[in-house]
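Peer 1: Below, each chain spelled out in residue letters.
Number of protein chains: 2
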Amino acid sequence: MEEVKKRVTEFSLEAHDLYLNRSVPYLEEPPDPLQFYRSWIAPNKPCIIRNALSHWPALSRWTPEYLRQKVGSKVISVAVTPNGYADAVSGKYFVMPEERQMTLSSVLDIIEGKGQLEKAVFYVQKQCSNLLEELPELTDDVEPHISWMSTALGRLPDAVNFWLGEASAVTSSESPRQQRCVYNRVCVCVDDAFTVSVHKDHYENLYCVVSGEKNFILLPPTDRPFIPYGLYQPAVYHQRDDGEFEVVEQLGSEVPWIPLDPLNPDLEQYPQYRRARPVRCSVKAGEMLYLPSLWFHHVQQSHGCVAVNFWYDMEYDIRYNYFQLLESLCGAASAAGPPGKSSVGL
Amino acid sequence: MEEVKKRVTEFSLEAHDLYLNRSVPYLEEPPDPLQFYRSWIAPNKPCIIRNALSHWPALSRWTPEYLRQKVGSKVISVAVTPNGYADAVSGKYFVMPEERQMTLSSVLDIIEGKGQLEKAVFYVQKQCSNLLEELPELTDDVEPHISWMSTALGRLPDAVNFWLGEASAVTSSESPRQQRCVYNRVCVCVDDAFTVSVHKDHYENLYCVVSGEKNFILLPPTDRPFIPYGLYQPAVYHQRDDGEFEVVEQLGSEVPWIPLDPLNPDLEQYPQYRRARPVRCSVKAGEMLYLPSLWFHHVQQSHGCVAVNFWYDMEYDIRYNYFQLLESLCGAASAAGPPGKSSVGL
Chain G
1 MEEVKKRVTE FSLEAHDLYL NRSVPYLEEP PDPLQFYRSW IAPNKPCIIR
51 NALSHWPALS RWTPEYLRQK VGSKVISVAV TPNGYADAVS GKYFVMPEER
101 QMTLSSVLDI IEGKGQLEKA VFYVQKQCSN LLEELPELTD DVEPHISWMS
151 TALGRLPDAV NFWLGEASAV TSSESPRQQR CVYNRVCVCV DDAFTVSVHK
201 DHYENLYCVV SGEKNFILLP PTDRPFIPYG LYQPAVYHQR DDGEFEVVEQ
251 LGSEVPWIPL DPLNPDLEQY PQYRRARPVR CSVKAGEMLY LPSLWFHHVQ
301 QSHGCVAVNF WYDMEYDIRY NYFQLLESLC GAASAAGPPG KSSVGL
Chain D
1 MEEVKKRVTE FSLEAHDLYL NRSVPYLEEP PDPLQFYRSW IAPNKPCIIR
51 NALSHWPALS RWTPEYLRQK VGSKVISVAV TPNGYADAVS GKYFVMPEER
101 QMTLSSVLDI IEGKGQLEKA VFYVQKQCSN LLEELPELTD DVEPHISWMS
151 TALGRLPDAV NFWLGEASAV TSSESPRQQR CVYNRVCVCV DDAFTVSVHK
201 DHYENLYCVV SGEKNFILLP PTDRPFIPYG LYQPAVYHQR DDGEFEVVEQ
251 LGSEVPWIPL DPLNPDLEQY PQYRRARPVR CSVKAGEMLY LPSLWFHHVQ
301 QSHGCVAVNF WYDMEYDIRY NYFQLLESLC GAASAAGPPG KSSVGL
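Read top to bottom, the protein sequences are chains G and D.
Per the UniProt record's numbering, residue 1 is the first one in the first sequence, and the count goes up by one each step.
Per the UniProt record's numbering, residue 1 is the first one in the second sequence, and the count goes up by one each step.
No lab work stands behind these hints, which were simulated from the structure alone.
Using N, Cα and C, we set each Cβ at its ideal position, and we do this for glycine too.
Please note: incorrect hints may appear among the correct ones.
Where chain D lies over chain G, by a calculated footprint (3+ residues, C-beta under 8 angstroms) [what the hints assert, rightly or not]:
id, segment
1, 8 to 16
2, 30 to 43
3, 129 to 135
4, 302 to 313
Okay, the calculated beta carbon distance ranges per label pair [as the list claims (entries may be wrong)]:
id, chain 1, residue 1, chain 2, residue 2, range
5, G, T103, D, R22, 48 to 58 angstroms
6, D, S23, G, D32, 31 to 41 angstroms
7, G, G91, D, E268, 19 to 29 angstroms
8, G, E10, D, Y26, 16 to 26 angstroms
9, G, K74, D, R280, 38 to 48 angstroms
10, G, L13, D, S73, 23 to 33 angstroms
11, D, E2, G, S129, 24 to 34 angstroms
12, D, S23, G, Y66, 50 to 60 angstroms
13, G, N264, D, K6, 53 to 63 angstroms
14, G, E2, D, E137, 33 to 43 angstroms
15, D, K6, G, L13, 23 to 33 angstroms
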């Protein structure tokens, strides 16, 4: 398997030389659908599009006051964790957030620091088209789809999601130390060994920041050989009556997940990550990130950041087929590695 | 390497289940550029387009008489072989045709059976934009580019080639026995062990048949693991004054080529080819084949068939990068196979 390891490594490095950019380029206006398909979707490359949301009323309207008045009484799904780490790795567990039904007003109270100090981090992030399903009153402030993207792909988005959360809420996260220092949250079930991960989706993703700022770390699918995977028992957080959290193990088989923290990668444990070439970018209010399917990503946000994203399911064509080959090779190469090692990266 | 062999085999079979068609579909009219990009170029799938050339004067004009009158005195490059096999494998050689400068009239004489019986097969097939470079007088009868394809790709073709040849001239070929029987050619330097091959190009290819018919055997790039390669010493044919041919070895290192004859595959020698799934199609006068980049192909034609093709260089993006990985894996897996075997297929 050493030979395979060598070849997939060469392949990954070649991708960077051949067609990938060293940073995320900007487009200064909404693109022509065909040009966008050809230059970004087909070659599977990210970019940031400016001036594509200028006509959204949301950009000026979506203040906490407006949201309270318009949809404050609506009950929405909120991800609740002790630390802001939704879908992350803790010890042998892959821990998902507690999902709680709350009014949007009460979430805004927490974000604005009104009322009692919570021992939890709240994040409106349910990825099931929650904008259209749970908050249809807000749809007119944005758009139900991005017309040039829908034209490019020949179909409407599969989901439109609304994101609102605290600075410590991340799709992966800040480091526990930093978070504890700033927010003084209490984490009873996790310790400093809690690691923050990256993940990928099978969607073409247009991520639109309405207010605040989101910071992304992106890794191309071709960097897969350098990204470690482990197998973890699924679990969910549960906040007890005393406010403390416990981790409740779930039934079901172990799930593969990435244990590496891209903000502070443990290169002793995952030396292969030295060869990865993460790209960082900051997406500001009024900007839109095109995050291509199967790109690994890690997201941090400014406090009170509001965003809307559009998910278009990817095409399961030759590129997907090739990625599946790469995945299986990375698994195979590692399976032939030292026994007892859980990582399925190279 | 058995594990790698298993995985690339699974990958190839999955491609057929996932997105490939069992035959080449037809489009009944010239497509919209974006739709064509999305449905055929990006997923790298062939199709035949009807009614896309109806406005070409060439369809009715290009008789032998017209070509004689219009460009008969033009000197053009002609591929000359004893057997119609341009770029094929003979013994340890990869043999390229003798390239001869002839008037188009004299080529037409041969095709029409006028004059003395030739001991050679002639094929106008120089792939260096010979229509625009050598026969610009014919350009107005066709088009200098295919507008919807140029719009789709955002650029003009890299080459426009004119093809005219005998039935025994093939980019690969008929079986030697059939050919000898029908055309009574004399092959002094080759024998029945001469094999006829398939090849691939790094172009998006629009192949337009003006008169006659072309028969293609196509294999997707994902079938690469089932396609044997060997290393061959480059050589060219040279017709001596007595009309007989000799093979002249060229300087330079060995070239990788496919020794398999897809019309009559030797499954004893290349058992892996049992798993390949070649697709056959026939492209008739007035039809256009979209032959995607990196598809392996073998072409036969009806006698006197005239065609024009447009080559647009492929994008060297993620799909090319992935194909290079597949190539290197196929080489690696075979290199670990029995010693002395020249094939670099799996």
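Peer 1: Holds or violated: the 48 to 58 angstroms window for the beta-carbon distance between G/T103 and D/R22?
Peer 2: The hinted range 48 to 58 angstroms holds for G/T103 and D/R22, with Cβ atoms some 55 angstroms apart.
Peer 1: With respect to the beta-carbon atoms only, verify the hint that G/L13 and D/S73 lie 23 to 33 angstroms apart.
Peer 2: Given a distance of about 54 angstroms, which is not inside 23 to 33 angstroms, the answer is violated.
Peer 1: If you check the beta carbons of G/E2 and D/E137, does the distance land in 33 to 43 angstroms?
Peer 2: Because 59 angstroms falls outside the window, the suggested range is violated.
Peer 1: Verify this for me: three or more residues of the segment 8 to 16 of chain G with a beta carbon less than 8 angstroms from a beta carbon of chain D.
Peer 2: holds (count 5)
Peer 1: For the pair D/E2 and G/S129, does the Cβ-Cβ distance stay inside 24 to 34 angstroms?
Peer 2: violated (45 angstroms)
Peer 1: If I claimed the Cβ atoms of D/K6 and G/L13 lie 23 to 33 angstroms apart, would that claim hold in this structure?
Peer 2: For D/K6 and G/L13 the Cβ distance comes to about 26 angstroms; the hint holds.
Peer 1: Could you say whether the range 50 to 60 angstroms given as a hint is met by the Cβ separation of D/S23 and G/Y66?
Peer 2: For G/Y66 against D/S23, whose Cβ atoms are near 57 angstroms apart, the range 50 to 60 angstroms holds.
Peer 1: Given a hinted range of 19 to 29 angstroms, is it respected by the beta-carbon distance of G/G91 and D/E268?
Peer 2: violated (56 angstroms)
Peer 1: The segment 302 to 313 of chain G covered by chain D? Criterion: 3 or more residues, Cβ-Cβ distance below 8 angstroms.
Peer 2: violated (count 0)
Peer 1: Quick check: does the Cβ-Cβ distance between D/S23 and G/D32 fall within 31 to 41 angstroms?
Peer 2: holds (34 angstroms)
Peer 1: Count the residues of the segment 129 to 135 of chain G whose CB lies closer than 8 angstroms to any CB of chain D, then report whether that count reaches three.
Peer 2: violated (count 0)
Peer 1: Just to be sure I understand the hint, the distance between the Cβ atoms of G/K74 and D/R280 should be within 38 to 48 angstroms; is that true here?
Peer 2: violated (59 angstroms)
The structure fails to meet hints 3, 4, 7, 8, 9, 10, 11, 13 and 14 from the earlier list, while all remaining hints are met.
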